[in-house]
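**Q** As a plain string of letters, each chain reads:
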Amino acid sequence: MNQLSRGMDISDPIYQKALKDLLFQLADDELCIGHRDSEWLGLAPDIEEDVAFSSIAQDEVGHATFYYERLAEIGEQDSDTLAFGRGSHERRNACLTERENGDWAYSIVRHFFYDTFDALRLEALAKSSYPPLAEGVAKIQREERYHLLHMHLWFVRLCLAGGEARKRMETAIWKVWPDISGLFSWGAWEEELLQRQVIHTSSLVLQQQWEERIRPVFAEAGIEWIEAMPEPVKKGRLGDHFPELNHLLGELSSVYALDPAARW
Amino acid sequence: MAISDPELMKALQEVKDPEIPTISIVELGIVTVAERREKLAYVELTPTFVGCPALDMIRSEVENRLSKVDGVEKVSVQYVMSPPWTSDRITSEGRKKLIEFGIAPPISQSEEQWIQAPPCPYCGGEEGDVHNLFGPTACRAIFYCRRCKEPFEGMKPV
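Chains as they are written, first to last, in full-length UniProt numbering: chain X, 1 to 264; chain B, 1 to 158.
I should point out that these hints are in silico values taken from the structure, not numbers from a laboratory. Glycine included, C-beta positions come from ideal geometry on N, C-alpha and C. Be aware that a few hints might be false.
[What the hints assert, rightly or not] Quick partial rundown of chain B residues pointing at chain X, CB under 10 angstroms, derived from the structure:
1) V33
2) K39
3) Y122
[Said to hold, decoys possible] Reference listing, derived: stretches of chain B covered by chain X, where coverage requires no fewer than 3 residues with Cβ under 8 angstroms from a Cβ of chain X:
4) 83-97
5) 130-136
[Said to hold, decoys possible] The following residues of chain B were derived to be distant from chain X, with all beta-carbon distances above 10 angstroms:
6) V15
7) R65
8) V77
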């Protein structure tokens, strides 16, 4: 493929290992959050949100498929097997994305924080030395903009609404907070990814950028900033997950598991 | 855009968007390459949205239609991300057909501003509100026309 020759050398085993690990992070994050979004179907507070969350779920799962297909292209199994057939210890998603939906406030807070992170991560990948990734990212950025607009709106409105809405939002923010730092990790190969310019932003800078974007929204929403950001309890990017991921994968793969060889 | 084979493009004009049957995939702007490589018809398509569930259907319709073109023995359809589809790729004919179907074509938006409502496809009213950034398909949003008091769908500007 002439596309590949423009980037770094994919035959370099370290480049390939690091790239694959990164693609798994991207794909697994999007698959988990997309599946959680789909769980709101029929249960969201109003019909507009049923539509919105279903549409967002479709986008996120579509992005996951895109990343899994790039993995298949460089020697991994086909996208369905990668999505449905891997155990939880093989998953590289940040633990935040596997958490159960909780109430509406939790889902909004989690998604807004995740989307803000995802926008920054996509910026860090936009000039990736791996052209198929950079090209997909250019497209995905245009779609993700809508998710962020939507979640930002809900986040601020619910916080400013006062009463039960605000109380639930405050509770949700505290509940989400310990899982945030796990997002910024680039996994076991950060050095190699940076050296080879697959990514252009370190995890440390990514976290600073995230705080710079979220702080003004806290101010807008009248929420006091939480200074301390604890280290993650479990490192999802290294394959260490909460039992919630096993439940999610069981549900997600229930049809696939009936007959993994079936053609649909 | 690469130089496309006029006969193949004419045939692709008959392949319609599965969700919006008035508009062809050419008018939608998703065909980036359609060329002959001896007896092979080679087509590159760029999806409107990465997760669009109609991609496989469009692929098989393209294969079916092009295999009927004289001199074509094999059809190869590739989805590519570059150049990325943007709503500016919809042709002026395509924009007319969207309105005929009751879907507002996208209007250009500034990055800093919130999404603006396009003119209503029924009455042309420009005093619309965003009702939902998300609609029945990934590429559509729902708006509300304050002039004719009708909700309407519009293609999302991306």
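**Q** Failing hints, ascending?
**A** 1, 2, 3
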